[in-house]
Amino acid sequence: MKDLVTGLLAGKVRPLAKAITVVENDRSGKRELLKEIYPRTGNAYLLGITGPPGAGKSTLTDKVISKLRQQGKTVGVIAVDPSSPFSGGAILGDRIRMQQHALDDGVFIRSMATRSHLGGLSKSAVDVMHLMDASGKDVIIIETVGVGQDEVDIVRIAKTTVVVMVPGLGDSVQIAKAGVMEIADVFAVNKADREGADKLFSEIRAMLDMIKDKDKPEIFRTVAVDDVGIDELVQGIFAHGDKVVETGLIQKKIAEKAESELRAYLLDSIMERSTTMTDYDEIVKRVADKQITPMDGVDEIFAGLGMTIKES
Amino acid sequence: MDKKIKVLVAKPGLDGHDRGAKVVSRALRDAGMEVIYTGIRQTPEQIVATAVQEDVDSIGLSCLSGAHNKLFPKVVDLLKAQGAGDVLVFGGGIIPDEDIPGLKAAGVAEIFLPGTSTEDTIAFIKENVTTA
Numbered sequence: 001m002k003d004l005v006t007g008l009l010a011g012k013v014r015p016l017a018k019a020i021t022v023v024e025n026d027r028s029g030k031r032e033l034l035k036e037i038y039p040r041t042g043n044a045y046l047l048g049i050t051g052p053p054g055a056g057k058s059t060l061t062d063k064v065i066s067k068l069r070q071q072g073k074t075v076g077v078i079a080v081d082p083s084s085p086f087s088g089g090a091i092l093g094d095r096i097r098m099q100q101h102a103l104d105d106g107v108f109i110r111s112m113a114t115r116s117h118l119g120g121l122s123k124s125a126v127d128v129m130h131l132m133d134a135s136g137k138d139v140i141i142i143e144t145v146g147v148g149q150d151e152v153d154i155v156r157i158a159k160t161t162v163v164v165m166v167p168g169l170g171d172s173v174q175i176a177k178a179g180v181m182e183i184a185d186v187f188a189v190n191k192a193d194r195e196g197a198d199k200l201f202s203e204i205r206a207m208l209d210m211i212k213d214k215d216k217p218e219i220f221r222t223v224a225v226d227d228v229g230i231d232e233l234v235q236g237i238f239a240h241g242d243k244v245v246e247t248g249l250i251q252k253k254i255a256e257k258a259e260s261e262l263r264a265y266l267l268d269s270i271m272e273r274s275t276t277m278t279d280y281d282e283i284v285k286r287v288a289d290k291q292i293t294p295m296d297g298v299d300e301i302f303a304g305l306g307m308t309i310k311e312s
Numbered sequence: 001m002d003k004k005i006k007v008l009v010a011k012p013g014l015d016g017h018d019r020g021a022k023v024v025s026r027a028l029r030d031a032g033m034e035v036i037y038t039g040i041r042q043t044p045e046q047i048v049a050t051a052v053q054e055d056v057d058s059i060g061l062s063c064l065s066g067a068h069n070k071l072f073p074k075v076v077d078l079l080k081a082q083g084a085g086d087v088l089v090f091g092g093g094i095i096p097d098e099d100i101p102g103l104k105a106a107g108v109a110e111i112f113l114p115g116t117s118t119e120d121t122i123a124f125i126k127e128n129v130t131t132a
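In order, the protein sequence lines correspond to chains A and B. Heads up: the first sequence at position 265 corresponds to 265 in the working numbering, and the numbers run straight through without jumps. Heads up: the second sequence at position 51 corresponds to 51 in the working numbering, and the numbers run straight through without jumps.
It should be emphasised that the hints constitute simulated quantities derived from the structure, not laboratory data. This one's a predicted model, so the numbers in the text were calculated from it and none came from an experiment. Hints may contain errors.
Computed cross-link-like contacts, DMTMM-like style, restricted to lysine to aspartate or glutamate with a CA-CA straight-line distance of at most 20 Å [to be verified]:
1) A:12 to B:45
2) A:257 to A:151
3) A:257 to A:268
4) A:35 to A:268
5) B:4 to A:26
6) A:30 to A:268
7) A:2 to B:55
8) A:18 to B:55
9) A:12 to A:104
10) A:12 to A:138
11) B:80 to A:105
12) A:123 to B:55
13) A:73 to A:232
14) B:3 to A:32
15) A:253 to A:242
16) A:12 to B:86
17) A:12 to B:55
18) B:3 to A:268
19) A:30 to B:55
20) A:18 to B:98
21) B:3 to A:242
22) A:30 to A:272
23) B:3 to A:272
Construct the entire structure; sequences and hints are all you get.
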């Protein structure tokens, strides 16, 4: 474990890769590892890329990596794809679009399966990000699974969230809905050479015009496969990052991120204790048999854990 | 430990026939494995760099161009050079019977020829990966 930490902090590839595997699979090792590296995190620029399936997130990520490398920045990428709800297996294919960077020492790409975690990310994604951060990557890009409307975990993690949209997915009511459309710090209208792109652009702008905030997300037109509009997009991303720092919003973001990490572990830990330290299965059965309500079941579990419940 | 078996399915060489690689990827997924597929025309260097970053347990190589005698052992050698010699390497494709002993001697654990059931490949991986 000590070698792993030393190698990782020195920016070596294999220790980082092995450490990620520990974080993904091994609870006790993970605790020890994170304790060592957590104080060394917080330096990387965390960039989220999200949007519906097929919007071109991976291709866009590939082109953004190239621009960042031209600027001399090192890049870590976490590419999340869904696990099968039936077999638990996954095909992780985001990387196909990024293989031109496979031999670049300044780029580390890791594919992750959601492992049935909801929210658009894998449960371990945040900790993997910490490892990449501690290994000295300047920018860490997290590409979410293709999201529908409500998978917005990324916003609590990234400094800048790019929402990638494409023409042809729906009408203006879709644009007006809550969720993913609200979390963008920057919009990319990708496949902008296709029919409907101008309409999509103006619909997003019309939606943003209704926001009272002075700081509206910028919208960029991109054709990622042809490397069109990527320079402007990358400038727009960093401009947003600067603004977050200047306005002091960064402090709020850091606090929110810490709270969301803590919450995730808290919920996990409550769940684990409940299933191992109480008559969990028995309580489930009584709820199924309609003997008690789910809320009463929770009270019983908490009582089993020695926690008292105050009526609110 | 809730360790999933991670497999990189890769196509070295210049042929573009990826149906087999995709069928195998899909079968491994359905067997509960996490499969990274990197597409066609990958160099051994790219394949090994990817395998190291992804920390996979196994690599499945598919080659239908006839260059397997050069490309498969190259992958094994590069893995060893990276200190990742414990990764289980297997191959498939249009491979003459007489080439198989040489490939195995070079460190390719198994060769699956056309007609192999995906069940056999799955069983082989499950039996032979070292998920330490």
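Status of the hints after comparison with the structure:
no.: 1; hint: A:12 to B:45; in the structure: holds, 18 Å
no.: 2; hint: A:257 to A:151; in the structure: holds, 16 Å
no.: 3; hint: A:257 to A:268; in the structure: holds, 17 Å
no.: 4; hint: A:35 to A:268; in the structure: holds, 18 Å
no.: 5; hint: B:4 to A:26; in the structure: holds, 11 Å
no.: 6; hint: A:30 to A:268; in the structure: holds, 14 Å
no.: 7; hint: A:2 to B:55; in the structure: holds, 19 Å
no.: 8; hint: A:18 to B:55; in the structure: holds, 6 Å
no.: 9; hint: A:12 to A:104; in the structure: holds, 13 Å
no.: 10; hint: A:12 to A:138; in the structure: holds, 15 Å
no.: 11; hint: B:80 to A:105; in the structure: holds, 19 Å
no.: 12; hint: A:123 to B:55; in the structure: holds, 18 Å
no.: 13; hint: A:73 to A:232; in the structure: holds, 17 Å
no.: 14; hint: B:3 to A:32; in the structure: holds, 18 Å
no.: 15; hint: A:253 to A:242; in the structure: holds, 14 Å
no.: 16; hint: A:12 to B:86; in the structure: holds, 19 Å
no.: 17; hint: A:12 to B:55; in the structure: holds, 13 Å
no.: 18; hint: B:3 to A:268; in the structure: holds, 18 Å
no.: 19; hint: A:30 to B:55; in the structure: holds, 16 Å
no.: 20; hint: A:18 to B:98; in the structure: violated, 37 Å
no.: 21; hint: B:3 to A:242; in the structure: violated, 40 Å
no.: 22; hint: A:30 to A:272; in the structure: holds, 16 Å
no.: 23; hint: B:3 to A:272; in the structure: holds, 18 Å
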